Amino acid sequence: MTVDSLLWYTIRGAGAVSLVLLTAILCLGIVSALRWSSPAWPRFLTVGLHRNLALLALVVLALHIVLAVVDPYTALGWRAAVIPFAVGYRRLWLGLGSVALYLIVTLVVTSLLRQVIGLRLWRFVHWAAYACWPVAMIHGMGTGSDFGLTWMVALDVVSAAAVVAAVGLRLRAGSVSISSPESAAALRPAVRAERPQ
Amino acid sequence: MNTALRLLDGPDGEAGAESLTSHQLRLGTLPPPEPAWLIDAVERSGLLGRGGAAFPAGRKWRSVAERSAGRAVVVVNGAEGEPLSGKDRTLMAIRPHLVLDGAEVAAAAVRAREVLLYVGTEYPAARSALMRATAERGAGRVPMTLVEAPTGYVSGEESAAVQYIDRGLALPTTTPPRPFERGVGGRPTLIQNVETLAASALIARFGPGWYRGAGRDLSPGTALVSLSGAVARPGVIEVELGSTVGEAVSTAGLSEAPGAVLVGGYAGAWVPADAAWDLSLDPVRLRREGLAMGCGVISVLPASTCPVQATAEILSFMAGASAGQCGPCRFGLGAAAETASRLARGAGVAGDVDRLRRWCGQLPGRGACGHPDGAARLLGSALSAFAEEFRLHEERRCGSTRRSERVA
Amino acid sequence: MASTVRIDRIRCQGHGLCAELLPELIELDDWGYPILRREDVPEALEAHARRAVAVCPVLALRLERGPRRTPPPAA
Numbered sequence: 001m002t003v004d005s006l007l008w009y010t011i012r013g014a015g016a017v018s019l020v021l022l023t024a025i026l027c028l029g030i031v032s033a034l035r036w037s038s039p040a041w042p043r044f045l046t047v048g049l050h051r052n053l054a055l056l057a058l059v060v061l062a063l064h065i066v067l068a069v070v071d072p073y074t075a076l077g078w079r080a081a082v083i084p085f086a087v088g089y090r091r092l093w094l095g096l097g098s099v100a101l102y103l104i105v106t107l108v109v110t111s112l113l114r115q116v117i118g119l120r121l122w123r124f125v126h127w128a129a130y131a132c133w134p135v136a137m138i139h140g141m142g143t144g145s146d147f148g149l150t151w152m153v154a155l156d157v158v159s160a161a162a163v164v165a166a167v168g169l170r171l172r173a174g175s176v177s178i179s180s181p182e183s184a185a186a187l188r189p190a191v192r193a194e195r196p197q
Numbered sequence: 001m002n003t004a005l006r007l008l009d010g011p012d013g014e015a016g017a018e019s020l021t022s023h024q025l026r027l028g029t030l031p032p033p034e035p036a037w038l039i040d041a042v043e044r045s046g047l048l049g050r051g052g053a054a055f056p057a058g059r060k061w062r063s064v065a066e067r068s069a070g071r072a073v074v075v076v077n078g079a080e081g082e083p084l085s086g087k088d089r090t091l092m093a094i095r096p097h098l099v100l101d102g103a104e105v106a107a108a109a110v111r112a113r114e115v116l117l118y119v120g121t122e123y124p125a126a127r128s129a130l131m132r133a134t135a136e137r138g139a140g141r142v143p144m145t146l147v148e149a150p151t152g153y154v155s156g157e158e159s160a161a162v163q164y165i166d167r168g169l170a171l172p173t174t175t176p177p178r179p180f181e182r183g184v185g186g187r188p189t190l191i192q193n194v195e196t197l198a199a200s201a202l203i204a205r206f207g208p209g210w211y212r213g214a215g216r217d218l219s220p221g222t223a224l225v226s227l228s229g230a231v232a233r234p235g236v237i238e239v240e241l242g243s244t245v246g247e248a249v250s251t252a253g254l255s256e257a258p259g260a261v262l263v264g265g266y267a268g269a270w271v272p273a274d275a276a277w278d279l280s281l282d283p284v285r286l287r288r289e290g291l292a293m294g295c296g297v298i299s300v301l302p303a304s305t306c307p308v309q310a311t312a313e314i315l316s317f318m319a320g321a322s323a324g325q326c327g328p329c330r331f332g333l334g335a336a337a338e339t340a341s342r343l344a345r346g347a348g349v350a351g352d353v354d355r356l357r358r359w360c361g362q363l364p365g366r367g368a369c370g371h372p373d374g375a376a377r378l379l380g381s382a383l384s385a386f387a388e389e390f391r392l393h394e395e396r397r398c399g400s401t402r403r404s405e406r407v408a
Numbered sequence: 001m002a003s004t005v006r007i008d009r010i011r012c013q014g015h016g017l018c019a020e021l022l023p024e025l026i027e028l029d030d031w032g033y034p035i036l037r038r039e040d041v042p043e044a045l046e047a048h049a050r051r052a053v054a055v056c057p058v059l060a061l062r063l064e065r066g067p068r069r070t071p072p073p074a075a
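Just so you know, the protein sequences line up as chains A, B and C, in that order.
First residue of the first sequence? That's 1 in the numbering used here, and the numbers climb one at a time after it.
First residue of the second sequence? That's 1 in the numbering used here, and the numbers climb one at a time after it.
First residue of the third sequence? That's 1 in the numbering used here, and the numbers climb one at a time after it.
Since the hints were made in silico from the structure, they are not lab data.
The structure displayed is predicted, hence computed values, not measured ones.
Please note that the accuracy of each hint is not assured.
As the list claims (entries may be wrong) - Here are a few chain A residues that sit away from chain B, every Cβ distance over 12 Å (derived from the structure):
1) Trp8
2) Ala16
3) Arg51
4) Val99
5) Arg120
6) Val125
7) Ile138
8) Trp151
9) Ala160
10) Ala165
11) Val167
12) Arg170
13) Ile178
What the hints assert, rightly or not - Cβ-to-Cβ under 10 Å is the rule here; a few derived chain A residues that face chain C:
14) Ser32
15) Ala33
16) Arg114
17) Leu119
18) Trp122
19) Phe124
20) Thr150
21) Leu171
22) Arg172
23) Ser177
24) Pro181
25) Ala184
26) Pro189
To be verified - Just some of the chain B residues that point at chain C, by a computed CB distance under 10 Å:
27) Arg212
28) Ala323
29) Gly327
30) Pro328
31) Gly365
We put the beta carbon where it would ideally sit given N, CA and C, even for glycine.
Can you build the whole structure from these sequences, using the hints too?
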């Protein structure tokens with residue numbers, strides 16, 4: 001394997017891992033909104049994983065983007081990464097990658113600064129998460145020369161299935177507010193009491 | 001027949017609202033407003049708020065005055081959401097000028113820019129009396145506007161009143177900040193009960209020493225009390241602070257053999273009749289005994305009425321009156337009301353009383369306002385005063401011969 | 001210096017994450033709403049309290065420096 005193709009596969013691989021991470025992040029976000037928990041899986045685990053996987057995704061994405069930009073074979077340059085639809089090579093699909101990047105960065109930064117910017121602004125911005133995943137997905141499908149590869153297709157199908165199922169559950173739940181004592185008791189997390197120190 | 005006459009001194013209540021002429025003939029005019037002196041006078045008088053919290057009025061006035069810079073607002077709280085209380089509407093209806101004097105005095109003391117008369121929408125006599133009185137007085141130093149308070153127990157709560165005036169929603173808000181810091185329109189707001197303001201109007205004329213001339217126990221002055229229940233002549237009377245519940249009830253006379261007395265209102269406490277008669281009607285004394293003066297309600301429960309039923313009715317009212325914004329109040333109080341009702345109608349289940357006790361302990365301090373605290377006080381007092389009756393009801397038995405139609 | 005935990009009871013929707021992360025100070029009632037066993041935060045739990053404040057989905061928790069300053073709501 002040449003250095004060039006190693007580079008190419010790393011870029012593609014990082015992209016694929018990013019997609020898997022984004023899928024997991026979105027599903028975990030929905031699990032959190034639905035207030036699901038069990039004695040073995042507390043709510044803070046959902047929230048913590050959601051946050052940490054997002055930070056991890058940033059790292060993997062950074063690798064994906066930096067390598068894609070410096071790769072002499074693609075010769076994309078930094079403009080391709082930061083200005084959507086700037087470069088001619090597969091303009092639309094590549095451009096969507098930049099859009100996804102901006103969405104992700106905005107989501108992460110606003111979340112890290114949630115206590116500073118306040119709940120209303122944070123929540124308003126966070127709805128963009130539902131746009132972020134399809135944009136990233138379509139970017140991957142459109143830019144990859146290996147879209148036809150079985151494992152890539154399988155990855156896409158499984159990710160899409162997970163997102164569709166999660167969004168379906170979210171839509172069915174509607175507004176997850178507490179309307180009755182029964183629903184309050186049902187949504188109550190299973191918290192194990194600990195003896196104070 | 002009252003035990004003391006200061007607020008209710010003057011022409012008979014049957015005559016309707018006292019006119020400006022009569023008011024001025026009887027009491028003279030207000031002294032020229034001197035903010036520092038006024039606040040000092042109210043502080044030294046020891047006047048306590050009569051809206052339910054019994055907070056020292058002078059301290060409240062000073063807190064608002066310190067932040068006012070001429071921007072403050074005075075809200076005259078005549079919402080009177082407590083069903084068993086009639087003192088505020090009575091005072092507004094028959095002594096409107098005394099109330100408006102108090103508003104003027106408060107406005108001068110805290111250097112307010114405007115006065116809002118927050119009067120319950122279900123009290124047309126009080127409203128029209130105040131309207132006519134403001135017209136009689138003509139334009140004063142500070143504009144006075146009437147605001148109709150919506151029906152509802154919590155609409156008289158301070159932060160709820162502020163939010164209603166600002167945004168049309170009579171729901172309590174999270175404090176801090178309290179109205180004295182940031183209230184109507186974000187400005188320092190003095191929101192004070194009608195009776196407290198009326199008393200301050202007398203203090204402004206006759207001085208704190210005069211005010212302290214009344215009062216037999218720990219607190220000075222007089223208070224209005226609403227008598228209801230198994231009494232022959234229900235109504236509003238004025239008593240010297242430190243008078244006993246027995247003295248107050250004897251002026252109204254008993255209509256049936258008494259079982260217990262509700263002291264303070266729906267957010268007050270049940271006291272068995274024997275123990276109630278010697279209770280001192282003094283906010284500080286009552287608080288020390290785990291009771292409350294509240295808004296001065298004294299309601300006698302006949303011995304023949306089931307106290308579990310009476311308690312269940314009050315709890316159901318309190319649960320329905322909840323703003324529903326805070327889970328512990330909305331669900332905890334709701335569950336307590338539902339369980340008490342089940343016990344009352346003979347559908348008790350083993351463990352009900354223990355559950356009530358647990359929920360009762362989990363209510364205080366867990367809402368944005370004091371509503372759950374009041375309900376917990378009522379429930380706690382019932383579980384203690386009527387322990388035997390509650391135990392019987394858990395076994396689906398009842399010691400009383402009939403259920404109450406209403407507590408009042 | 002000790003801190004105090006404050007809960008905005010109107011904002012609170014009973015998510016219950018605070019009780020998971022700060023069980024020494026917070027437990028849940030029958031409907032999932034927090035009961036503050038004690039308000040002052042011991043030094044050892046300071047970091048945990050901060051995490052609990054950050055994790056609340058509706059930012060209903062606050063950490064104030066110093067002991068409790070404002071009195072409870074008037075009953």
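Status of each hint after checking the structure:
1. Trp8: Holds: least Cβ distance 55 Å, greater than 12 Å.
2. Ala16: 44 Å, holds
3. Arg51: 26 Å, holds
4. Val99: Non-interface label on Val99 of chain A holds, nearest chain B Cβ at 39 Å vs cutoff 12 Å.
5. Arg120: 15 Å, holds
6. Val125: 24 Å, holds
7. Ile138: Nearest chain B Cβ is 42 Å from Ile138 of chain A, so the label holds.
8. Trp151: 48 Å, holds
9. Ala160: 38 Å, holds
10. Ala165: 31 Å, holds
11. Val167: About 28 Å separates Val167 of chain A from the closest Cβ of chain B, which puts it past 12 Å; holds.
12. Arg170: Since the minimum Cβ distance to chain B is about 23 Å, Arg170 of chain A lies beyond 12 Å and the statement holds.
13. Ile178: 7 Å, violated
14. Ser32: 7 Å, holds
15. Ala33: 8 Å, holds
16. Arg114: Hint holds; Arg114 of chain A Cβ to chain C Cβ min 7 Å, cut 10 Å.
17. Leu119: With Cβ-Cβ at 5 Å, under 10 Å, it holds.
18. Trp122: With a closest approach of 8 Å, the Trp122 of chain A hint holds.
19. Phe124: Interface hint status for Phe124 of chain A: violated (14 Å vs cutoff 10 Å).
20. Thr150: Violated - the Cβ of Thr150 of chain A stays beyond 10 Å from chain C, reaching only about 40 Å at its closest.
21. Leu171: 19 Å, violated
22. Arg172: This interface hint is violated because 20 Å lies over the 10 Å limit.
23. Ser177: 7 Å, holds
24. Pro181: 6 Å, holds
25. Ala184: 4 Å, holds
26. Pro189: Since chain C brings a Cβ to about 4 Å from Pro189 of chain A, closer than 10 Å, the hint holds.
27. Arg212: 24 Å, violated
28. Ala323: Ala323 of chain B check passes; min Cβ-Cβ to chain C is 9 Å, inside 10 Å.
29. Gly327: Given a least distance of 4 Å, the restraint on Gly327 of chain B holds.
30. Pro328: Result: holds, 5 Å to nearest chain C Cβ.
31. Gly365: At 5 Å from the nearest chain C Cβ, Gly365 of chain B passes the 10 Å test, so the hint holds.
Going through the hint list in order, the structure does not satisfy hints 13, 19, 20, 21, 22, 27.
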